[in-house]
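What follows is each chain in one-letter form.
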Amino acid sequence: MTHASDYVIMEFPSLPENVGFARSAAAVFASRLDFTLDELDDIRMAVSEAVTNAVVHAYENGPGIVRITAEVAGGQLVITVEDRGKGIPDVEWAKQPANTTAPDEHLGLGFHFIGVCMDGYDVESRVGGGTRIRMVKRPAQAKRQEPAASSSSQ
Amino acid sequence: MGASMKVLGETLIVTLDGELDVHSASEFRAAVTGAFDERPRLRNLVLLMHGVTFVDSSGIGAILGRLKEVSARGGRLAVVGLQTPVERAFAMSGVLKRISVHDSEGQALASL
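If you're matching them up, the sequences are chains A and B in order.
When the letters of the first sequence are read in order and numbered with the working numbering, they come out as residues 1 to 154.
When the letters of the second sequence are read in order and numbered with the working numbering, they come out as residues 1 to 112.
Hints are supplied without guarantee of correctness; some may be wrong.
Claimed, not checked - Derived EDC-like pairs (lysine to aspartate or glutamate); straight-line CA-CA distance at most 20 Å:
#1 B:Lys-68 / A:Glu-105
#2 B:Lys-6 / B:Glu-105
#3 B:Lys-97 / A:Glu-60
Simulated from the structure, these hints should not be mistaken for laboratory data.
Build out the structure end to end from the sequences listed, making use of the hints.
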């Protein structure tokens with residue numbers, strides 16, 4: 001397994017059809033780390049939620065561009081999903097389960113799912129400027145092999 | 001996502017395949033709501049989900065939307081055959097308390 005830095009960048013129009021493509025492509029890229037099948041399912045879920053957020057909330061099902069950067073560095077996966085949509089006025093509110101501004105049958109569980117599926121995530125958003133969701137996950141196997149703050153051998 | 005439907009008395013039985021996300025959820029919603037609108041006698045819904053490999057929160061939202069629809073008709077919803085990742089999505093969303101999950105179609109029909 002390589003620990004060298006590697007990345008892919010994807011950009012596509014904000015269409016619901018592209019959500020499936022994005023999560024599959026992200027999982028294929030992620031599989032170069034030693035993720036289990038369950039962990040790859042988690043990555044698929046997190047990317048699906050982040051991209052759906054861009055399509056449904058940021059661009060309100062209208063035109064727009066979604067950009068995803070997936071990066072492997074230092075044995076961990078970092079996925080960033082960015083849009084230039086309307087932005088989230090109150091990120092902390094939006095992170096709470098069941099809080100949503102979208103109508104219809106959207107549950108407002110997107111950030112909750114991302115939080116459960118990834119080791120960590122943060123959200124930067126500017127009203128009228130767009131949103132950037134950065135998500136990190138390290139294979140559990142690697143976490144076990146590198147216990148706590150890896151002490152130096154010297 | 002594929003969906004095929006059959007009617008058994010007051011129950012609509014829908015077989016789903018593939019992935020249920022924001023894109024396919026709208027097709028799923030339209031298919032089920034259309035069938036209910038055409039047949040006023042229908043009040044229960046059974047979802048056969050053995051062939052579903054992925055559900056995210058949009059998919060869960062669409063299923064909860066159908067639960068509301070059958071509840072408004074005085075009916076019930078039962079789901080059958082959740083693959084591991086799908087069951088995990090159900091668990092994460094907290095809907096397992098509200099939706100009855102079964103191993104077989106027969107079991108689901110008996111629960112209605």
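### Query
What are the numbers of the hints that this structure violates, sorted from low to high?
3
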